[in-house]
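K.L.:
Taken in sequence, the protein lines are chains A and B. Going by my numbering, the first sequence opens with residue 1, and the numbers climb by one from there. Going by my numbering, the second sequence opens with residue 1, and the numbers climb by one from there.
These are computed hints drawn from the structure, not numbers from a lab. Hints may contain errors.
Heads up, simulated DSS-like pairs for lysine-lysine below, C-alpha to C-alpha not over 30 Å straight-line [what the hints assert, rightly or not]:
| hint | chain 1 | residue 1 | chain 2 | residue 2 |
| --- | --- | --- | --- | --- |
| 1 | B | K10 | A | K338 |
| 2 | B | K114 | B | K10 |
| 3 | A | K215 | A | K484 |
| 4 | B | K7 | A | K338 |
| 5 | B | K10 | B | K39 |
| 6 | A | K484 | A | K410 |
Ranges between beta-carbon positions, derived for each pair [what the hints assert, rightly or not]:
| hint | chain 1 | residue 1 | chain 2 | residue 2 | range |
| --- | --- | --- | --- | --- | --- |
| 7 | A | R255 | B | P113 | 58 to 66 Å |
| 8 | B | M1 | A | D405 | 26 to 34 Å |
| 9 | A | D353 | B | E108 | 33 to 41 Å |
| 10 | A | E125 | B | S82 | 30 to 38 Å |
| 11 | B | T8 | A | Q165 | 44 to 52 Å |
| 12 | B | P113 | A | Q154 | 22 to 30 Å |
| 13 | B | D132 | A | P455 | 43 to 51 Å |
| 14 | A | T91 | B | S82 | 48 to 56 Å |
Facing chain B, from chain A, some residues (calculated, C-beta under 7 Å) [unchecked claim]:
| hint | residue |
| --- | --- |
| 15 | R44 |
| 16 | R47 |
| 17 | V177 |
| 18 | V287 |
| 19 | A290 |
| 20 | Y294 |
| 21 | L315 |
Because the structure is a prediction, the values reported are computed rather than measured. Using N, Cα and C, we set each Cβ at its ideal position, and we do this for glycine too.
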Amino acid sequence: MGRFDWLSEYLAQLEDEHVLVRRGSAQRLAPAHVLEIDAEDWGRAARQASLLEYRWCGLWGDEHEDHIRVYACLEHAGDYVVLQTAVDADTPVLPSHVPSYPIADRPERHAQDMLGLVFSDSPDERRWTRHQAWPESSYPLRADFHLPADQGGQPAPADGGYPFQHIKGEGVCEIPVGPVHAGIIEPGHFRFHAVGEEILSLEQRLGYVHKGIEKAAQGRDAAALVRLAGRVSGDSTVAHAWAACQSLERAVGCRVDRRAQQLRGLLCERERVANHLGDIGAICNDVGFAFALYQCSRLRENWLRRNQELFGHRLLMDLLLPGGVAVDLDTRARESLKQDHQRLMEETNELFDILLDQPSLEDRLLNTGVLRPATARALGCTGYVGKASGQAFDLRASNPYPPYDRQPMKTVCLADGDVMARVQLRMEEIRRSLEWMDELLDALEPGELQCRWQPPQAPCEGLGFVESWRGEIITYVRLDAGGKVARFFPRDPSWHTWPALERIVMGNIVPDFPVCNKSVNGSYSGQDL
Amino acid sequence: MYRILRKTLKTGVLTEKAPTSSDAALEALGIEVKRLVDKRFNGSLAIREVDAGSCNACELEIHALNNPYYDVERFGIHFVASPRHADILLVTGPVSRHMETALLRTWEATPAPKWVIACGDCACDGGLFGRDNYATRGGVEAVLPVDLYIPGCPPAPVELMMGLLNLFNAAD
Ligand code: SF4
């Protein structure tokens, strides 16, 4: 099947439903295809997409003078369609996508809190990103937003009155956890309902690390935006910076040299290996298997030290620039990397073999925290959460961008959907990344590290799509006529895997929550923004 | 079991005498940290880490302090779950306003004497998220008295250890 072969079917369906596509464009937000529709058709367009089982993968709004543009992104067969509509800035009302796509709930509530959009038939109007730091009637991403003078100086009160859902019944216990958790992890609130040890339900309340990234981006230049994007979720600094670079480069039409793209690929896979190593150890440790933690954290530390030696930063921050990269590899470094890869391959083969051969570990991880394929699909989970539950989508293979276009990545997909499957998937990804990086080092082409970055002459916009270790990142950027950022929206994969965790823990016991949680490892920062 | 033991023996002891062996000044760092923890904190120092809006990379490096290379437990430094057990609050992030009250409550729950460390550029002065931001306080000092600043984005484990040492020396 060629790219977008399916689009005609969707367009025919829309026509049948009297949804008028006012304009279509394959260029404006390429590689995505934009369909402009009327606000009143917004819900029906989603409904048709859901009937055709397209994946819903994000929503964002963007204020223009007297109207707000709203975008929703859909994916099918590796291709993206962006629905676009506009609503009046004074009456920003449009139908909700939630009736067709329940996963749209949090993104819509985020848009409601940040821009004042009103989704008329949404079943859930509660605040999401907003706690008590700014009033309900003001919206940080509106141009006229300002904090009331008296609110700026006072500590923002805790959001104690948030309307959680309650389950009542004999023997039902409600367990509140967080925002400050035991351990060195990010803050968030979990509200459990349990009978005995069994979890009946989990409701998450996030937003604690909301630091106004979308607003802070506005007015920055391209280079500063990429640095900021590298802090959307620090553990995915390369991937988020890359997605921001892609959207900027597509917006202004800047062609990046193959060598720079190859180096970006190398850095992004190094980030994957580091995170997979750390998490595999931590997951095993959550069920008391400290041997794995120490071995994996040792391998991770070696890996990070090599990052420092070769690229000047242990976590690879600030190495991507608009138009290219800030680092290069000489022949000696390439050879030494290949030796690293071989050593790590041998070590992980031995180590993972031991881990997978432990009956006690198997006992705790197998059949624990199951995410059924149908649920993963409905929630649009990507990354190891989706791939361990039968969702093969992986941008590196489904819609390969350079350097994966000419050097294919063999991606992995498993079906069981439990903690064990997520662990095994990540073990296998380490191996494949190592092999891929070896091939890449052999195929490294001569070329420029950075093309000359020229700010645009007119307003422009672009979309970036990158497969991070955690899954698909989608980033929208709009630049104004002066080349300054007017809108930045990074969609971290965690928007889809946090809701998956709520489903995953149902029926598990409370003491297994940490290992379920770690096996999903959603980013708080990446979703709170 | 046999394979675990074999792997453990083959890996050997990795824990470094000092965080990096190349630098003579750092050689002494671990010993010095231990001496001061023994002297000032009776051999046991408890740290409560609080993420107040970090991007999560600072957490990754704080975590690394517990890996076999740095292994700060051997100096008597523990990361504790409850602020009531803590001597030090190690705060990351620019203090998102949504975490402000939680941070204050954590501080209030920590028994005196207590110290506050602002860990990372964000915690020091708002970092890349800026000071003029509706959603953050632009640094820990806007909310709590800060005893020590450890800049870096994020600070590496060695820098974190040096930071602790500076705090002990100041407290000494
Ligand atoms: S200092 Fe840097 S690494 Fe640490 S939380 Fe802030 S942005 Fe992230």
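K.L.:
Each of the hints needs a verdict: does it hold here or not?
P.N.:
Results of checking the hints against the structure:
| no. | hint | verdict |
| --- | --- | --- |
| 1 | B:K10 / A:K338 | holds, 23 Å |
| 2 | B:K114 / B:K10 | violated, 42 Å |
| 3 | A:K215 / A:K484 | holds, 13 Å |
| 4 | B:K7 / A:K338 | holds, 23 Å |
| 5 | B:K10 / B:K39 | violated, 36 Å |
| 6 | A:K484 / A:K410 | violated, 38 Å |
| 7 | A:R255 / B:P113: 58 to 66 Å | holds, 60 Å |
| 8 | B:M1 / A:D405: 26 to 34 Å | violated, 47 Å |
| 9 | A:D353 / B:E108: 33 to 41 Å | violated, 50 Å |
| 10 | A:E125 / B:S82: 30 to 38 Å | holds, 37 Å |
| 11 | B:T8 / A:Q165: 44 to 52 Å | holds, 47 Å |
| 12 | B:P113 / A:Q154: 22 to 30 Å | holds, 28 Å |
| 13 | B:D132 / A:P455: 43 to 51 Å | violated, 23 Å |
| 14 | A:T91 / B:S82: 48 to 56 Å | holds, 50 Å |
| 15 | R44 | violated, 35 Å |
| 16 | R47 | violated, 34 Å |
| 17 | V177 | violated, 12 Å |
| 18 | V287 | violated, 15 Å |
| 19 | A290 | violated, 11 Å |
| 20 | Y294 | holds, 5 Å |
| 21 | L315 | holds, 5 Å |
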